[in-house]
Amino acid sequence: RLPVSTSRRSSALLSELESKLLYLGREYPKGGDYFRDRLRAAFARNKAVEDPEQIKALIARGEYVARELEALYYLRKYRAMKKRYYED
Numbered sequence: 001r002l003p004v005s006t007s008r009r010s011s012a013l014l015s016e017l018e019s020k021l022l023y024l025g026r027e028y029p030k031g032g033d034y035f036r037d038r039l040r041a042a043f044a045r046n047k048a049v050e051d052p053e054q055i056k057a058l059i060a061r062g063e064y065v066a067r068e069l070e071a072l073y074y075l076r077k078y079r080a081m082k083k084r085y086y087e088d
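Residue numbering for the sequence shown follows UniProt numbering, starting at 1 and increasing by one per position.
One should not assume that every hint holds.
As the list claims (entries may be wrong) - No more than 20 Å apart at the CA atoms, straight line, and that leaves these computed lysine to aspartate or glutamate pairs for EDC-like:
{"#": "1", "residue 1": "Lys47", "residue 2": "Glu16"}
{"#": "2", "residue 1": "Lys47", "residue 2": "Asp37"}
{"#": "3", "residue 1": "Lys82", "residue 2": "Glu63"}
{"#": "4", "residue 1": "Lys30", "residue 2": "Glu18"}
{"#": "5", "residue 1": "Lys20", "residue 2": "Asp33"}
{"#": "6", "residue 1": "Lys30", "residue 2": "Glu70"}
{"#": "7", "residue 1": "Lys56", "residue 2": "Glu18"}
{"#": "8", "residue 1": "Lys77", "residue 2": "Glu87"}
{"#": "9", "residue 1": "Lys20", "residue 2": "Glu70"}
{"#": "10", "residue 1": "Lys77", "residue 2": "Glu27"}
What the hints assert, rightly or not - The following label-pair restraints were derived from C-beta to C-beta distances:
{"#": "11", "residue 1": "Gln54", "residue 2": "Arg84", "range": "44 to 50 Å"}
{"#": "12", "residue 1": "Ala66", "residue 2": "Ala44", "range": "15 to 21 Å"}
{"#": "13", "residue 1": "Arg67", "residue 2": "Ala12", "range": "35 to 41 Å"}
{"#": "14", "residue 1": "Lys77", "residue 2": "Leu14", "range": "26 to 32 Å"}
{"#": "15", "residue 1": "Lys82", "residue 2": "Glu50", "range": "43 to 49 Å"}
{"#": "16", "residue 1": "Asp33", "residue 2": "Ile59", "range": "23 to 29 Å"}
{"#": "17", "residue 1": "Ser19", "residue 2": "Glu53", "range": "20 to 26 Å"}
Just so you know, the hints here were simulated from the structure itself, not pulled from any lab data. Owing to the predicted nature of the structure, the values given are computational and were not obtained by experimental measurement. Idealized CB from N, CA, C, for every residue including glycine.
Turn these sequences into a full structure, and let the hints steer you where they fit.
Structure, rendered in structure tokens:
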């Protein structure tokens, strides 16, 4: 079982990560509802994990997904801007 301080810290990180991913998922190409359902399923699937190292790994994976989504959106905006201003 996790110590209380570690449990609270992990809980806060997970809550923050879930909020960030939900916010980023609103603009997901397949739709916000699709992303939200997949996100909730992923969190539910890993709900029983109690090993601190495994929790850290899952948080790192979630942060990686968030960075990848941000990169996807920046690329999409860049392509749209380039398409507006340059004729290829």
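Within 20 Å, alpha carbon to alpha carbon, are lysine 30 and glutamate 18? Roughly 19 Å between the alpha carbons, so the hint for lysine 30 and glutamate 18 holds.
Range first: 15 to 21 Å. Now tell me if the beta carbons of alanine 66 and alanine 44 are that far apart. 19 Å, holds
Please work out if lysine 20 and glutamate 70 have their alpha carbons no farther apart than 20 Å. 11 Å, holds
Check the following: the C-beta atoms of lysine 77 and leucine 14 are separated by a distance inside 26 to 32 Å. With Cβ atoms ~29 Å apart, the hint holds.
With 20 to 26 Å as the target window, see if serine 19 and glutamate 53 comply at their CB atoms. Holds, at about 24 Å.
Would the hint linking lysine 77 and glutamate 27 be met if the CA-CA limit is 20 Å? Holds, at about 12 Å.
Just tell me: holds or violated, for the beta carbon distance of arginine 67 and alanine 12 against 35 to 41 Å? 20 Å, violated
With a cut-off of 20 Å on the C-alpha distance, tell me whether lysine 30 and glutamate 70 pass. 15 Å, holds
Hey, lysine 47 versus aspartate 37, does the alpha-carbon distance stay inside 20 Å? The hint holds at about 15 Å.
Does glutamate 87 sit within 20 Å of lysine 77, going by the straight-line distance between their CA atoms? Since the Cα atoms of lysine 77 and glutamate 87 sit roughly 16 Å apart, the hinted pair holds (cutoff 20 Å).
Take the C-alpha atoms of lysine 20 and aspartate 33, compute the straight-line distance between them, and say whether it is at most 20 Å. 15 Å, holds
Satisfaction of the hinted span 44 to 50 Å by the C-beta atoms belonging to glutamine 54 and arginine 84: 46 Å, holds
Comparing the model with each numbered hint stated earlier shows that hints 3, 13 do not hold.
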